[in-house]
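Engineer: Taking the hints into account, I'd like the entire structure generated from these sequences.
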Amino acid sequence: METTNAIINYRRHLKRRNCSAHTIRNYMNMLKQFVLWIDVPLEQATREKLTDYVDFLLDRKLKPKTINCHIGCIRAFYEYLQREEVLKITNPVRKRFTLRLPRPLPRFLNDDEVRRLFEVINKVRDRAIFMLMLRTGLRVEEVSRLTLGAIDLKRKKIFVNQGKGGKDRVVYISSDANRALIDYLQCRPLSRSRGLFLVEKGTCRGAPISVRGIQKRIEYYSKKAGLKISCHQLRHTMATQLLNVDTNLSTIQDLLGHGRVTTTQRYCRVSNLKVQRDYHRAMEVIMQRTQPMHGRTGLYHR
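Position 149 of the sequence shown, counted from 1, bears residue number 149 in the working numbering, the numbering being contiguous throughout.
Quick caveat, the hints were computed from the structure, so don't treat them as lab data. C-beta: ideal position from N, C-alpha, C; glycine also. Do not take every clue at face value.
[Claimed, not checked] Taking lysine-lysine pairs in the BS3-like style, the calculated list, with each CA pair at most 27 Å apart, reads:
no., residue 1, residue 2
1, 228, 201
2, 61, 201
3, 164, 88
[Stated by the list, open to error] Label pairs and their calculated CB-CB ranges:
no., residue 1, residue 2, range
4, 207, 26, 20 to 26 Å
5, 25, 179, 34 to 40 Å
6, 58, 246, 53 to 59 Å
7, 247, 279, 23 to 29 Å
8, 46, 122, 37 to 43 Å
9, 150, 179, 15 to 21 Å
10, 172, 36, 45 to 51 Å
11, 277, 99, 22 to 28 Å
12, 52, 83, 52 to 58 Å
13, 26, 279, 42 to 48 Å
Structural biologist: Laid out in structure tokens, this is it:
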């Protein structure tokens, strides 16, 4: 098997599947690293070889989540060779080969932290970016790719084109986020770019702001507010706030663009206000049903 041709064909296969440029680039980089490391032809790779490769990645201090991405990439490549290239080879990556990952609870901001953050955001563009993330739950990549045409201020909604997993969805804009967007659009620099949020200074002025550009802004404001906040925590905060006012889980799933409801259910474990309310509401019902027991003496002390 000609390795180079196989990888080129696989790249074309990913493009036909409409994978994002970011995904394709990452897959090619991970495959290139594996091919350079392995000292036997790809069709002779064994499970033992994969175990050695995982050890190699661990020695390089890669995080378990990153290593699992490498494993998943290699598995998908061999599945392609079997299915599309119809090669009679064994996939060296078996089920449950991945590393166990910790499952930390999603961290969200409380009301005081939200207030402290927005008190220090005085730039109109940045206020619109982070208010939008807080109220819509958009991922940072989705915000950086937003175009002017995706925003419908009149109907207060945004069309998210090609979100994570290549899925489109619609999210809705709260009144305060809508106001922040209008304020920004009134002073948005003139540009031929259709990108919504633009770089305002430097050599890239007028170009759409990058993911890293947005992340740097939240790092700046977090430090200024004396907090430790990431863009993704704004998404977690939106989900948790919705749960705490008894929003249906399926509604939150649609808004966040989760493929599986189990992903959304993780927020239930941190939504303490809802758990607290549900507990006390249930206990009131239980106590009313068992109220006659309170008047019975000697029930537990015979």
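Engineer: Given the range 37 to 43 Å, decide if the beta-carbon distance of residue 46 to residue 122 lies inside it.
Structural biologist: Since residue 46 and residue 122 have Cβ atoms about 59 Å apart, the given range 37 to 43 Å is violated.
Engineer: Could one say that the CB atoms of residue 52 and residue 83 fall in the range 52 to 58 Å?
Structural biologist: Roughly 26 Å apart at Cβ, these two residues miss the hinted range, so it is violated.
Engineer: Between residue 164 and residue 88, does the CA-CA distance stay at or below 27 Å?
Structural biologist: 33 Å, violated
Engineer: Okay, residue 277 versus residue 99 on CB: inside 22 to 28 Å?
Structural biologist: 38 Å, violated
Engineer: With 53 to 59 Å as the target window, see if residue 58 and residue 246 comply at their CB atoms.
Structural biologist: 44 Å, violated
Engineer: For the hint 34 to 40 Å, verify it against the beta carbon of residue 25 and that of residue 179.
Structural biologist: 37 Å, holds
Engineer: Okay, residue 207 versus residue 26 on CB: inside 20 to 26 Å?
Structural biologist: Roughly 23 Å apart at Cβ, these two residues keep to the hinted range, so it holds.
Engineer: Straight-line Cα separation of residue 61 and residue 201 no greater than 27 Å?
Structural biologist: Status violated; Cα separation ~37 Å.
Engineer: Do the Cβ positions of residue 26 and residue 279 conform to the proposed distance bound of 42 to 48 Å?
Structural biologist: Check passed, 44 Å falls within 42 to 48 Å.
Engineer: Is it true that residue 172 and residue 36 lie within 45 to 51 Å of each other by Cβ?
Structural biologist: 47 Å, holds
Engineer: Using the C-beta atoms of residue 247 and residue 279, is the stated range 23 to 29 Å upheld?
Structural biologist: 18 Å, violated
Engineer: At the C-beta level, are residue 150 and residue 179 separated by a distance inside 15 to 21 Å?
Structural biologist: 18 Å, holds
Violation of the numbered hints given earlier is confined to hints 2, 3, 6, 7, 8, 11 and 12; the remaining hints are satisfied by the structure.
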